[in-house]
Amino acid sequence: MQIRDYIIRRLMVLPLLVVGVSIIVFALTRIGGSPIGIYLSHEMSQEEVAELEERFHLDDPVPVQYFYWASGVLRGDLGWSGVAAAPVTDVFLPKLAATMELAVSSAIVAVVLGIALGTFAGARRNRLPDHLTRVFSISGAAMPLFWFAILLLIVFWVYLGWFPIGRSDPDLWARIDHPTNLYTVDSLIAGDFGAFRDAVWHLTLPAVTLGYGATAIIARMMRSSLVEELQEDYVDAARAKGLPERLVLRRHARRNALIPTVTVIGLSFGFLLQGSVVAEIIFQWPGLGRWMADSVLRGDQATIMAYVLFTSVLFLVVNLAVDVAYAYLDRRVVLGE
Amino acid sequence: MRRVGELIGALLKNPTTVAGLTFIILLLGMAILAPLLTEPNTPDAYQMPRDWGAIAVPPGSPGHILGTTNVGGDVLYGVIWGARTSLRLSVIVVSLTVVVGVTVGSIAGFRGGRIDEILMRIVDVFLSIPELIFALAIAAVLGPSFRNIILALAVVFWVKYARIMRAQIIHVKENEYVDAARVIGDSPWRIYLKDVLPNSITPVVVQATLDMGNIVLVGATLSFIGLSEAGIAEWGVLVSEGQAGISAGRWWASTFPGLMVFLWALGFNLFGDGLRDILDPRTESSR
Amino acid sequence: MTLVGSDGPAPPALAPAPVASVVDLRVHFRSKAGIVHAVDGVSFDIADGETLGLVGETGCGKSVTARSFLRLVPMPPGIQAGGSILFRPHRTCETCSGNGCAVCHESGRVPDACATCEGAGCETCAGSGYLTVDLLEIPEQDLRTIRGNRIAMIFQDPGKALNPALSIRDQLAEVFYQHRSAELLAAAAIDGEAGGPAGTLIRRKAALRSRLLEDALLSLPPLRARRNKLRAAADDRIVAALAETQIPNPRKVMDRYPHELSGGMRQRVMIAQALACDPDLLIADEPTTALDVTVQARILELVRELQSRHRTSVLYISHDLSLVRRVCDRVAVMYAGRIAEVAPAEQIFSDPSHPYTRGLLAAIPATSHERGRLVAISGTVPELINPTPACRFAGRCPFEAPVCRALEPEPKPTRDGHQVACFIHHPPRDAADGVPTFDRQVR
Numbered sequence: 001m002q003i004r005d006y007i008i009r010r011l012m013v014l015p016l017l018v019v020g021v022s023i024i025v026f027a028l029t030r031i032g033g034s035p036i037g038i039y040l041s042h043e044m045s046q047e048e049v050a051e052l053e054e055r056f057h058l059d060d061p062v063p064v065q066y067f068y069w070a071s072g073v074l075r076g077d078l079g080w081s082g083v084a085a086a087p088v089t090d091v092f093l094p095k096l097a098a099t100m101e102l103a104v105s106s107a108i109v110a111v112v113l114g115i116a117l118g119t120f121a122g123a124r125r126n127r128l129p130d131h132l133t134r135v136f137s138i139s140g141a142a143m144p145l146f147w148f149a150i151l152l153l154i155v156f157w158v159y160l161g162w163f164p165i166g167r168s169d170p171d172l173w174a175r176i177d178h179p180t181n182l183y184t185v186d187s188l189i190a191g192d193f194g195a196f197r198d199a200v201w202h203l204t205l206p207a208v209t210l211g212y213g214a215t216a217i218i219a220r221m222m223r224s225s226l227v228e229e230l231q232e233d234y235v236d237a238a239r240a241k242g243l244p245e246r247l248v249l250r251r252h253a254r255r256n257a258l259i260p261t262v263t264v265i266g267l268s269f270g271f272l273l274q275g276s277v278v279a280e281i282i283f284q285w286p287g288l289g290r291w292m293a294d295s296v297l298r299g300d301q302a303t304i305m306a307y308v309l310f311t312s313v314l315f316l317v318v319n320l321a322v323d324v325a326y327a328y329l330d331r332r333v334v335l336g337e
Numbered sequence: 001m002r003r004v005g006e007l008i009g010a011l012l013k014n015p016t017t018v019a020g021l022t023f024i025i026l027l028l029g030m031a032i033l034a035p036l037l038t039e040p041n042t043p044d045a046y047q048m049p050r051d052w053g054a055i056a057v058p059p060g061s062p063g064h065i066l067g068t069t070n071v072g073g074d075v076l077y078g079v080i081w082g083a084r085t086s087l088r089l090s091v092i093v094v095s096l097t098v099v100v101g102v103t104v105g106s107i108a109g110f111r112g113g114r115i116d117e118i119l120m121r122i123v124d125v126f127l128s129i130p131e132l133i134f135a136l137a138i139a140a141v142l143g144p145s146f147r148n149i150i151l152a153l154a155v156v157f158w159v160k161y162a163r164i165m166r167a168q169i170i171h172v173k174e175n176e177y178v179d180a181a182r183v184i185g186d187s188p189w190r191i192y193l194k195d196v197l198p199n200s201i202t203p204v205v206v207q208a209t210l211d212m213g214n215i216v217l218v219g220a221t222l223s224f225i226g227l228s229e230a231g232i233a234e235w236g237v238l239v240s241e242g243q244a245g246i247s248a249g250r251w252w253a254s255t256f257p258g259l260m261v262f263l264w265a266l267g268f269n270l271f272g273d274g275l276r277d278i279l280d281p282r283t284e285s286s287r
Numbered sequence: 001m002t003l004v005g006s007d008g009p010a011p012p013a014l015a016p017a018p019v020a021s022v023v024d025l026r027v028h029f030r031s032k033a034g035i036v037h038a039v040d041g042v043s044f045d046i047a048d049g050e051t052l053g054l055v056g057e058t059g060c061g062k063s064v065t066a067r068s069f070l071r072l073v074p075m076p077p078g079i080q081a082g083g084s085i086l087f088r089p090h091r092t093c094e095t096c097s098g099n100g101c102a103v104c105h106e107s108g109r110v111p112d113a114c115a116t117c118e119g120a121g122c123e124t125c126a127g128s129g130y131l132t133v134d135l136l137e138i139p140e141q142d143l144r145t146i147r148g149n150r151i152a153m154i155f156q157d158p159g160k161a162l163n164p165a166l167s168i169r170d171q172l173a174e175v176f177y178q179h180r181s182a183e184l185l186a187a188a189a190i191d192g193e194a195g196g197p198a199g200t201l202i203r204r205k206a207a208l209r210s211r212l213l214e215d216a217l218l219s220l221p222p223l224r225a226r227r228n229k230l231r232a233a234a235d236d237r238i239v240a241a242l243a244e245t246q247i248p249n250p251r252k253v254m255d256r257y258p259h260e261l262s263g264g265m266r267q268r269v270m271i272a273q274a275l276a277c278d279p280d281l282l283i284a285d286e287p288t289t290a291l292d293v294t295v296q297a298r299i300l301e302l303v304r305e306l307q308s309r310h311r312t313s314v315l316y317i318s319h320d321l322s323l324v325r326r327v328c329d330r331v332a333v334m335y336a337g338r339i340a341e342v343a344p345a346e347q348i349f350s351d352p353s354h355p356y357t358r359g360l361l362a363a364i365p366a367t368s369h370e371r372g373r374l375v376a377i378s379g380t381v382p383e384l385i386n387p388t389p390a391c392r393f394a395g396r397c398p399f400e401a402p403v404c405r406a407l408e409p410e411p412k413p414t415r416d417g418h419q420v421a422c423f424i425h426h427p428p429r430d431a432a433d434g435v436p437t438f439d440r441q442v443r
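Protein chains in written order, with my numbering: chain A, 1 to 337; chain B, 1 to 287; chain C, 1 to 443.
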């Protein structure tokens, strides 16, 4: 199959999956009955309630209600967030920027560290570094993020005082413009090195915490695929050419071992998205995840719906991108013999 | 049975599975013996006892070996009864999801055609939503309670089994012995029970073992966020309770219960991984 | 230290010495059941310019022997249990600068003289007077200047031995950058000695030392032209190497990836890569086994032709006696980790002396005895775990005598150029200590 056909086929399935997710999301919020509750107050009369119901189409059959909601979503109307006391759409972007700043930093940490660790361990199979990496990566899969974050806080915030919590020093934050809402980027645009330092300083601990699980997954995959590649004939052939071991590893084995690792990088992005909810609560990071957690506790259905829908679509798109990258990288698979 | 003996032998030879098994046995022992290890709280033993005379005392205090929380909850009690809560959670969710998943997967794989198509599209949609976020949304809609966490996890976790089971059945169905059984004239139901199911169950068992750990991990996360009732003896709830005190240097109320979640998940992960290596030699290189 | 191309004193007229000598090679493997003696006391010489066939069944140790030349046997589980592989590297002949003349016997290469005795013959060069290195002893660094340069290797399955993620150009370029860095720079008219960061960068690039960041710098305008010149110089050599193996359209083929080529083409690429630096010794490990029968013949033909043109010595590993007959000057037959018989190719076929060789020949369907019976050798290859001193073929041999179970026969010459490890030909001398002598009548 050609790469292009493959991409087109996947792209055609994508909207169907999104519609499926939106149906589930909508159905979820109707399990608890009519969402009229948040608009009601005690002094409203029967007529006023009925009027509200009609205004929000809550007197129509559920499938019709779904169409009203879905067409609203398509127009960019995600409803009213009780928690933020504003339309969801208005608050969404700045919070998304905060979450993305965190998630992308973690992803960079995870990818760089994971590949480095996996390579280091795989090239030293069954020796001490390999065993240590294995302990590190198995622990990563079993590590409760909320606990790990608190441990790091206890050590680095409470006892050592090396890192702060929150996203920024308010004074420094107020000092610069925020065209992108990404603190690191904004501070660089403003050319304010003090603010940039502040941004990185606040970002480090949450990014490392959030990245741990993903690092572990990537390191593990990298290690096992490198071990596999190192047993291939072409590695011996590269040695027989007279290449130094460093090049045999770098130019030959690692290049091929990266291919299966790419798929795991996509998976671990889902890991990061989920983890951001917990990390943002603990590090008091003003992103989507913390908003979602607040909304969950206070029954803010519009926010929950928007968040679930958004993360699912993001997850689907990232996985599609990864599959395409995989198909492209592994020439053997797509073009075949 | 000889195969069972061989399997146990292989499990005990592998240091990874032995380590996993050790954690599992210790934690399960704690869960089962909870009423003997500590005086059960009345009327509900799953509710944390409150010692208003000893609020936030550090580990090593008389009567509170691991200290107490900000509201006088004994951390040791929470650690021990939390194991029981986790056992309850994981056993209920794993049995529910395995039954539902295996049934759906079997129907899809065995019947094929339109039913298969529809069921698998549903599975695909379920898999498009990240696990924790899905469970979080469901639990939120149902309202905060431990029972709703169980329900939410069950809704999220069955899909993997459906997918595994369907793939296995399609794979096994192609094998000749199923054809042979058909030629003999066995009924489809009999073929399913006798030939297909026993040959398909291995990866389900492995996944179930891993999920025994994962479910406690996700469940504790939901509790930590605040989706169970406050005050129950559950590890995630305790970590959340302890979080308020860390800025004042009271590290113990979060540290010990969180460690339990870690060890629980670690135990089942190590054991499940080892089990997979032994049962399915194809994936051996993943170690 | 470079072993190759060093300006040692010109060798005086010396007796020709073998390009490589394997002396009592022992390679063992650790396994759960015990130590496997995969190669257990193997000795043979490869004469300058000859093709030596190393023949035996799967698992007889022939591949391990071949891989030992380049130290490609993984250790652990492998154990280097003893012996040496002596190798006498050559350099380009100064008289004809590699074109072939009378001095270098048309090979374009002359051996280096021994650094210790300057050709007089001493202990370090095993009396040959030529520079001699023990491939099993020299440091990894020095070995790398020999691998792919003085000794090259072709693998069994070219589909697996070529890296699927790199283009043919990338894979061949590596060889030139690794071993011919200075020549490439000269060909590209780049001053190899130039100082400054630019000179360093391009030198590092030409020696495969550049990292990602440096490569990025080199792709920017000021340095780009120089890098392109270097690339063009490498490309010219790659095209020439590919063309020599009769690959059509080498300029196009070098941009392809291995999976886009047929099996035969891939093996041609492997051969081109192996011969890129004009090695003294080519090790071919069953180079046609993985190929279609029709392609096999053409590859075989190609190897033979290139061998005679370059006068490269070849160690040809195969399990197929009839195939070996077509390419080899001499044949060494291996059985269960030991050499059974070494002889000129024709003699092996006309007058096989070891019972195992005879068994092998009887198992070949040959046109000469049409419709004759094919005879399988009875029994199975012995376990090589902690073997006792005895003939390895005992138990399967139709001429077995009690002595075969008590002593281990060593390969000894029977007549000109023919060596056999069998008591039929070399009855043990001292029969006095109770070991019964061989009954000569069976012959």
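Read the hints as simulated data drawn from the structure, not as lab findings.
There could be a bad hint or two in this list.
Partial selection, computed: residues in chain C whose CB lies under 10 Å from chain A [to be verified]: (1) V64; (2) R67; (3) P139; (4) E140; (5) N149; (6) I151; (7) A165; (8) K229; (9) P258; (10) Q296.
A virtual CB, placed ideally from N, CA and C, is assigned to each residue, including glycine.
Results of checking the hints against the structure:
The criterion of a C-beta within 10 Å of any C-beta in chain A is not met by V64 (chain C), whose closest approach is roughly 13 Å, and the hint is violated. The interface hint given for R67 (chain C) is met, as the beta carbon of that residue sits about 8 Å from the closest beta carbon of chain A, less than 10 Å. Annotation: P139 (chain C) was flagged as interfacial toward chain A, and the flag is violated, the nearest CB pair being 12 Å apart, outside 10 Å. Look at E140 (chain C): its Cβ gets to within about 8 Å of chain A, closer than 10 Å, so that hint holds up.
Satisfaction of the interface hint for N149 (chain C) is found here, the shortest Cβ-Cβ separation to chain A being roughly 6 Å, below the 10 Å cut-off. Using the Cβ-Cβ criterion of 10 Å, the hint placing I151 (chain C) at the interface with chain A is satisfied: the shortest such distance is roughly 8 Å. With a cut of 10 Å, the hint placing A165 (chain C) at the interface with chain A holds, because the nearest CB-to-CB distance is about 5 Å. Interface hint at K229 (chain C): violated, since its Cβ lies 22 Å from the closest Cβ of chain A, which is beyond the 10 Å cut-off.
Below 10 Å, beta-carbon pairs count as interface contacts, and P258 (chain C) has one with chain A at about 9 Å; its hint therefore holds. Violation of the interface hint for Q296 (chain C) is found here, the shortest Cβ-Cβ separation to chain A being roughly 19 Å, above the 10 Å cut-off.
The structure is inconsistent with the numbered hints 1, 3, 8 and 10, although it conforms to all the rest.
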